[in-house]
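Whole structure, please, built from the sequences with the hints as guidance.
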Amino acid sequence: MASQSSSLRASTLRRPVAFRGVGRSILLTLPIALWSLLMFTPSFQRAGRDEHVGALAVIVFMTSLFFLMMRTGETYRWRRIFFVALAFLFPFGFIASLIAERGTMSIPISRMVSGDTPFCFMVTPSIILPAAFARTIIFPGSILPTASNPHSIAIMIGLWFAVTLVLGKAWCSYACFFGGIEEGFAAIAKRSRLHRFITRYGHILRLVPWAILVFVVLVSAAIFEPVYCMWLCPFKAVTEFPAVRNVETAIQMGIFVALFLGLVVVLPYLTKKRTQCGFFCPFGAFQSIFNKINLFEIRFDREKCVDCTLCQTSCPTVALSKESIREGKTLLNCMKCGACVDACKKDAAVWHLKGTPVAVKPERARLLFLYGAWALATMFGGSILANSVATMMHWLPVK
Amino acid sequence: MRARILSISAYMGAGLTLLVAVCVPFVLMGVFSNVVAHAGLHIDPSYSGGTIARTIQRNGYRIVVYQPVQPRMLERIEPFVQIVFEPADSLPARVSDEVDLDGDGRPDVRVSFTVPADASAKMRGDVTALNGGYVSLANVADESFSRMVVRSGNQIVVRVPLNRSVAGR
Amino acid sequence: MAALSLSASAGEALVLGLATGPVCLATCGPVVVPWLMVQPRGVRLHSRQLGLFLAARLAGYMVFATAVWLVGSSIPRAWTGRTWLMGGIEVLLAAALVVYAVGWPHRRCAAAKEAGGLVRIGEAPSGRRSGALALGFLTGINLCPPFLVAGVRAAQLEHLSAALLFFVCFFAGTAVWFLPFLSMGFVQRTPAVVMVARMVAVLLACWYGFSGVSILIERTFYG
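From first to last, the protein sequence lines are chains A, B and C.
Taking the numbering used here, I'd label the letters of the first sequence as residues 1 to 399.
Taking the numbering used here, I'd label the letters of the second sequence as residues 1001 to 1169.
Taking the numbering used here, I'd label the letters of the third sequence as residues 2001 to 2223.
Please note that the accuracy of each hint is not assured.
[Stated by the list, open to error] Computed, partial: chain C to chain A, Cβ under 7 Å:
#1 Val2015
#2 Leu2018
#3 Met2195
#4 Val2196
#5 Met2199
#6 Val2200
#7 Leu2203
[Claimed, not checked] Ranges of calculated distance between the beta carbons of each label pair, as one might list FRET restraints:
#8 Arg1062/B to Arg49/A: 23 to 33 Å
#9 Gly1015/B to His203/A: 34 to 44 Å
#10 Trp2084/C to Lys322/A: 47 to 57 Å
#11 Ala189/A to Pro1087/B: 50 to 60 Å
#12 Gly1103/B to Ser148/A: 26 to 36 Å
It should be emphasised that the hints constitute simulated quantities derived from the structure, not laboratory data.
Please read all numbers here as calculations on a predicted model, not as lab measurements.
For glycine and all other residues, C-beta sits at the position ideal for the given N, C-alpha and C.
Okay, structure coming up:
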């Protein structure tokens, strides 16, 4: 009985349920509640019951999750709830708007030549070199927002850069509206069926995103095409994709579907890892570079660490190795999800603010990080959630 | 002492990061977007069709001729010229126009298409090359970025491939 | 117009060099890395050695550029077999890239094999300057895959000066990838860098293979 409960604890809760009193937790949650109200007040001023419901739902949702983070002292499981909800509701809202607007998820060539394709942040690394050398954006969008395309290149790059300044690689835990799909499928199975494979080859697999980043950036610059978007993006299967009109586009569609099913559904289920994020996504590798300048990180107190490798097992993207743990650090691709901190039974894995002593007041570092991350998650992901909820409300028969 | 200074700097940096986070929706996003918007960037001509060369007025509509778009070495498109007929609402049901693309006063291609009554319906058209500099297209819709006759908003966009041996490729 | 065309070619060559630099790194890295590792420590010394190596490599590039341009200018522009040649070369390129990627670290540049005396791990070579020059020149004329791509393009250019400029820019693009070798600290990190470079080589092989097969299929069925 004791060993059963301890193994359950190893994979879920580590700390006692009440890490902090209710009163203090509410106090610490207040800024986030106020921020949420500030972000969604314009929605209440707009006409439409559906928008009101969406906004209210998100305010309650985000505030409640943050309260639970404060109350339990855990980060990962509550963040994951938000992240999975975001990733499953975003395609729902997006696809619904596509069907309503043009009756199909596919992008006809006429929309590409008119610059109506909304800009996706994942193409950002690919456009840098052509923009730098030839002042050319290799994406069929529009630089400035238009009536038919509010998600213009300038707006989306501006947003991406601003959020990245704060989050760094934590974008992959708090902002990306795709990663939660894998996280959801990874959470289904009780244990990994490919644990040995990951243990043996994980150190090679985590280099693949870098190789894909280099390949995509340079080939995109050589042929002036967004190679990742046109050939390798698994999430085309749940958003929009170039209309199939010849053999090449049919092959592209096949690749998108195969990558989505393999990397986003099946492998996360089998491995309990975010396989697309950790072993494929070049944008994730690109964001890792910003970890170098970000002030927040996760560190390991070597005096407390007993090398049980629970942190390594719990990390969804294999961002920990025996060597890095021995040095008291994570690898560059750490996305600051908090899984290792929550899994560690010895309080050895801690949140850390660069420049301060390790494991001294780690909760302060965690709070400082979470306020920024959750504020941006509410602003960015929360608005997507509110929109999706409003869309769902449109479809409800009761008016 | 050094450790203390580092710690203070770290907390100041963390505070600044929080401030940046709060400023994102109100200030920063707009600032960075403006920087990108004013960076002198343009959409790749294979998508945008390039720059406008001249406009030809017709009865009730106009034909906008673009500069030829030449692919870069490894770019996988053919060289082409874009022609836009606008506004689509004012076009006759059947259009058959001879267009001078290179500005030498002589027509280079004849573009023919029927404007569908339903704006969302797929359309097809023909382009007949009147000299060796261009490639004729028969019953083409949206074959590729270099070969198309499509309706895009309130415009009919036609892209005519250049003859590669003449275009210098 | 000529100036525009020249600058367009230069830009293309630079981007091609940057694009295939990882392959250069993966091809010549196994030669350069052990050679640098037996040098005494010191950023200045490494910089000098690397400078000599790159200068000699550039000289090798110029020799190759002249040779391919002379060959290319003797082939008629309108020759219909040009497309078959392009497609075939790309498929061979893909195969060669896979062989290079999978074969490391056991394989080396053919040139370095001939100059075996220059690279002997664990033994500091004598005559450091001549070693750098010879090694650089031999890797410069080594017929590695990205070299062949650049060569095919340069052979199509009008003038010899354009072909030489093309290779200078191509060299500049590939040389960027050797900068991390400037210090021992960077060299010690290269196992991951070389692994990434090998993976990039495989990805490039897939790309060239797909491109070559597409060209051949299009030529076969559509003329």
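To see whether the hints hold, each was checked on the structure:
For the restraint placing Val2015/C at the interface with chain A, the shortest Cβ-Cβ distance is roughly 5 Å, inside the 7 Å limit, so the hint holds. The beta carbon of Leu2018/C comes within 6 Å of a beta carbon in chain A, closer than 7 Å, and the hint placing it at the interface holds. Interface hint at Met2195/C: satisfied, since its Cβ lies 5 Å from the closest Cβ of chain A, which is below the 7 Å cut-off. The criterion of a C-beta within 7 Å of any C-beta in chain A is met by Val2196/C, whose closest approach is roughly 5 Å, and the hint holds.
Contact between Met2199/C and chain A, as hinted, is supported at the beta carbon level, the nearest pair being about 3 Å apart and thus within 7 Å. Hint on Val2200/C holds. Least Cβ distance to chain A is approximately 5 Å, under the 7 Å limit. Nearest Cβ of chain A to the Cβ of Leu2203/C: about 4 Å, under the 7 Å cut. The hint holds. Take Arg1062/B and Arg49/A: their Cβ atoms lie about 46 Å apart, and the range 23 to 33 Å is violated.
In this structure the supplied range 34 to 44 Å holds for Gly1015/B paired with His203/A, their Cβ-Cβ distance being about 37 Å. Range check, Trp2084/C to Lys322/A: Cβ separation about 53 Å, and the 47 to 57 Å hint holds. For Ala189/A and Pro1087/B, the hinted distance range of 50 to 60 Å is satisfied, since their beta carbons lie about 57 Å from each other. Taking the beta carbon of each, Gly1103/B and Ser148/A are about 32 Å apart, inside 26 to 36 Å as hinted.
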